[in-house]
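> The task is simple: from the sequences and hints, build the whole structure.
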Amino acid sequence: MTSAKSKNFKWSLDFTRSKHEKSTDNVSPPGYSQLAGQNGTELSKDSESSRLIIKKSWDLALGPLKQVPMNLFIMYMAGNSISIFPIMMVGMLIVRPVKALFTLQTTFKTIEGTQAWGQKFIFFIGNCVNIVLALYKCQSMGLLPTHASDWLAFINQPTRMEYSGGGFILS
Amino acid sequence: MMHYKLIFLFYSVLSGIHCSDSSYDSISDIYLEHELIPNAGFTKRSSILVNLESRNDVVSTTTINDSDIQLLKQLASKNELYRLKITVRTLSGKEIHFLTFTRACLIVGSKLNDILTIHLDHLDSPFAVNLATTSNNCNSFNELNTSFFTTTVFFRRPESSPLPDTATYIQKMERERDAREKGKSSNNKSLLGKYWMYILPLVIFMMIAGASNPEARQ
Amino acid sequence: MVSKIILTVLLCSVLFTVNGLYEDQAGKFDWKQNYVGEVKFSSIDVDVTTKRLYVATEKNVVASLAIETGDIIWRQILEKGPEGSIELIHPTKSKIITVSGVDVIKVRGWDVKDGYLHFEWSTETSNVLYLFVFNGLLHNVYSSNNLIAIDTYHLETGVKGKATYTFPAHWFNGFDRCALSSGSLACFDVAGQLNIGSLIKSNTDRLSLDMIGDKIVAIPGSPIPAFIVTNTNVEKLVYVKENKVQVRSLTTRSSSFIYTYMADRHILLQISSPMQDTIVTEGSILEDSTVIESLSSKESKSSLKISNPRISSAFCGRSKANTVNCVTLVSTQDQSLMLLKMPGSIKWHREESLTNIINVELVDLPVSDIEAAIEKEFGNKESGAFSMFVRRLFSQLQQLRTLFATVLGIIESPSETTGTKSNLVRDQFGLHKIIVAVTSAGKLFGIDNLNGEILWSVLLCGVGTFYENKVNGLPSAPMHLQRNSKHLSYSPMCTLLLKSEDSENTVMFTFNPINGESKNGVTQLPYRVVQAVPLPVLNIESVRSLILFDSTNSPHLYPANTPLSSKPPPMYIYIANPTNGLLQGFTVDVLISGKVISAKEVWKTQFNKPTQIIAIGSRDAMEHVHSQGRVLSDRSVLYKYINPNMVAILTLAPDTTHKSVLTLHLLDAVSGIIIYSVVHKRASHPIHLIHSENWLLCSYYNDKTRRTEIASYELYDGNQLSNSSDFSSVGGSLIPPIVEKQAYILPGFLQAMKPTITEKGITSKHILMATTTGHLLEVPWAFLDPRRPLGEPKEEGAIPYIPELPMPSESMINYNKSLMRVDGIYTTPSSLESTCLVFVYGLDLFYTRVAPSKTFDVLKEDFDYLVIIIVTTILLISAYVTKNLASQKALKQAWK
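Protein chains in written order, with the numbering used here: chain A, 1 to 171; chain B, 172 to 389; chain C, 390 to 1285.
These aren't lab readings, by the way, just hints derived from the structure by calculation.
Watch out, some of these pointers could steer you wrong.
Unchecked claim - Here are the computed distance ranges between Cβ atoms for each label pair:
| no. | chain 1 | residue 1 | chain 2 | residue 2 | range |
| --- | --- | --- | --- | --- | --- |
| 1 | C | S943 | B | S218 | 26 to 36 Å |
| 2 | A | I82 | C | S1198 | 33 to 43 Å |
| 3 | A | Q139 | C | S878 | 50 to 60 Å |
| 4 | C | Y879 | A | N156 | 27 to 37 Å |
| 5 | B | Q241 | A | Q157 | 36 to 46 Å |
| 6 | C | T795 | A | Q139 | 51 to 61 Å |
Stated by the list, open to error - With the Cβ distance kept under 8 Å, some of the chain A side facing chain C (calculated, not the full set):
| no. | residue |
| --- | --- |
| 7 | G142 |
| 8 | Q157 |
| 9 | S164 |
We put the beta carbon where it would ideally sit given N, CA and C, even for glycine.
So this is what it looks like as structure tokens:
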């Protein structure tokens, strides 16, 4: 409100503050305008900052997706052998997106702007893609229990319905 | 898997034919007797003519009278064993007696379709007869509507023993030696030629790193 | 290829070095006892200052023992079987000469000091009646063309003596009517006369005597012709002196021995054993029956268990006090050997019957009293809270007391009160057990498995005789551990099946395997048992009841009429007759009340006439299969065909074209279905069979290729798991399992073969093979796997196929302790999953333990406990100190 009125004057005081504006916590000293120090060229900063926020948010949202090629490269370099370094790499690949998904709420707090929903969605999708990639890596390394052999140890010996015994005739 | 096993079974059945010795006094017929009341003795079921020379498996059907079917059903409902006595007669008149059994409900459950496997030794004389049914169904013995025993007779001969595979092993060794000698001549490619797939990603990685570094510095 | 070979070699070396033993481990877990066998001939060497005695035994062994201790100084093993049976020994000053063999007589001279072979010569003979040595000449008495002919050979050179001389054949009329002693032949003729004639010279003079007798035996090693004639339980001693026949009546039933004391005086030594633990000796002058007081003695020793002692050889001398002293080597019917000093006592005692073990069982020891108290405390759930609390306090007090006691060394052991041997308690890992061995001499032994000490022995004479194993003609002793040591309120119980001595009926001998005691343990059954099968459930007294199948095919339960703890599943019993090739299967219904309803024959298999069943391979009842399948390289599973009712039947049939045909049948013992059969042509003895998990090994001698081959079979169900959680053999699938087969060459000859067994079956399986060269090989089963790939490996870790099995010296688990004439190997699990206990018996006894997959559940014995304690304490202290320091620093920082 204040900003809209102050456009015509170099400075102005508004004593007719409506009640609902009380919610602003810090009351500016009289004669102080937030925009007083700004010149005309800076007027466009407002849209600029929201644009920046959106851009920054997009950066954040696209971050996981941007990691995908890098992850792919790491995956390729790690190879399929099971040793300490590939395991560490695969561990990182899987832990990072999972962590990101767990801290989704805190990350989403920083995302603002009109495209927030799309960004959140993209961020979520990107992390999911990373997890899928990591799982694929685990699969190709043979770390996922997807084969019959992985469940072999849990198969029990069947119970005997009949018992048998005997041998050579004793004579 | 099932197919594989069946093929295996037939293979094992057939594999013996070649070594069958015609000089042997071969089987002429099989006489079957079954026990329908526990411990009451055996009654005749059927007699199957066999000609080992011409055919290897025999399918025979015989009728069974209604009273016997009732007895069989009773036997099945009491979950008793169905015992079958087999007398194998040879051309020279020699008789060999065998005994085999299965659960009576299986006989009824498979609608009187059974399989007799006659095991022949290396001289083609029988030493064991086994009875099996075509299905493992042991519940539906009330809907028996046939009065024919359908018996399939298989003959199984023993396989021959494995032998230490020295010939293949020596061949393999020779092949490997040849391959090694060949490999020696073709193995003198350049280092780059051999390990390009490792070097190339490394170079690319370095390039990427080099390209991204100046930006970071700015 | 080089790389592959290197890989294989590396793999082999890796696999085998784990079996290798470090030098300082030798003798730590294993022990070996050497034996010589039942003594046939002996001689006491008096000339040599070292004092030795020489024995030749039924096991075809020539050995020298120290007189003082009975230890073996040297031992030479001759050919096995009748080829090497020793007929005669003749000691000379520097050599001990043996005559052995049946159709080819081999004469060998052994050095008395070290047993080296000095000379050997042989000659072919036939129809040999007797052999004896006189005047340095070997006399060969044989029958030819209605004559008794005698050839003489110079003993050391084999040069044939002058002429063959003959006697009329009617002199000899059967071995039970004749006896040869000191070159003189004594025979009963039809007229009831005893004729004695010398075979040394070709004169036909005969001494005769009116005497009726049932039996005549020569007194062994007698310097003059002397015989014992038995006539309706009256024994008479007949001897020839100065060409005159003398007869002396013997009062007691005893074994006699004649020793030349002075030129014309002989000492008659007699020994008898009126009771199992008593030895009575008597000595007298032969000629005038004067009793020599110093030689008469009676000795009782509770640890002694002997029957029918017999003097094998003796040496007498005059002592300073002018009394006659004798040293006698006594062998007994139960094949023990002892040195008796007269007057005096038993100097040493050797249990040579341990060379003839026919059945072995390793039995767990009972828990110690403290542990038993704890078990009782937790076992008794009905009692109230207060009584449990009191018991708890009591047992903990007891524990505390023993702790103090053991720390202070006041009481050696906690279980003194029960009267059992102090150290006979179960250890934590189940490594300490008792070896219960049945010997063909009719003696039972309890042997400590940790040191080989004989803890108890029981003589079976008077109880019963052994069954006969029709396959090899040896005695067989079916033994069943009916109750093990785990049941606290009952003592363990072991049952031996014997034949009654005076009828065909069966006698059950029940004893406690821990101490050999048998309280009313002899049960006479009114029928003859042809098969005994233990039930899978215990009865209410924690006894594993036996189904006894009598000769009329009716079943009985032993112990009878004791209710069972739960309803037993349907039981199927098969009986194989080795001689006529008949195999029968029966079903037996056992009620929970402990009654048996009659058996019903359900299947019958009849092998054709000349075919004999030579072996039955069934899986060890204790065996567990941990993994139900095998992982292939594509990570799919090949499921094992594990049929608990499957047994392997080996039949051997003579054949016109192939010499002999060995057939292996896999039979389902419940349904009688032949699962698989395979023919081995030209296969002959020695044949050994192993059946374990889902695989079989059959070793045989291939007559065509002249080598030992091992055929390996493995059974698989396929890639699909049957979805049923129950296994039933009746009405099962018609489709046979997939059988993988392969054969391997063993560079050697096998004496025995046995797989290792562990408690849970997780540890990989190794095969223990005893070879004729005295080695005990531990071969991983992976080397005998029929799926060893010839081309590309089908599964991970598969070793490429090589036809010949490696026999690296690292895998010989008996290192330099050669094991000769191995009769069998017994393996049993310990409580440690990694460890399997092995007992090898034969001429030598050997005990060891093996860990096929290394001792993964035990700390290494060189594990440094001190270092780990020091390190952890230092770490703990330093952690504490640094924590304090850090908090101090933080405090200071905060004040700044």
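> The structure should be examined with respect to each hint, and the outcome stated for every one.
Now the hints, each set against the structure:
no., hint, in the structure
1, C:S943 <-> B:S218: 26 to 36 Å, "33 Å, holds"
2, A:I82 <-> C:S1198: 33 to 43 Å, "35 Å, holds"
3, A:Q139 <-> C:S878: 50 to 60 Å, "57 Å, holds"
4, C:Y879 <-> A:N156: 27 to 37 Å, "31 Å, holds"
5, B:Q241 <-> A:Q157: 36 to 46 Å, "41 Å, holds"
6, C:T795 <-> A:Q139: 51 to 61 Å, "58 Å, holds"
7, G142, "7 Å, holds"
8, Q157, "6 Å, holds"
9, S164, "4 Å, holds"
Figure legend: structure checked against the earlier numbered hints; every hint is met.
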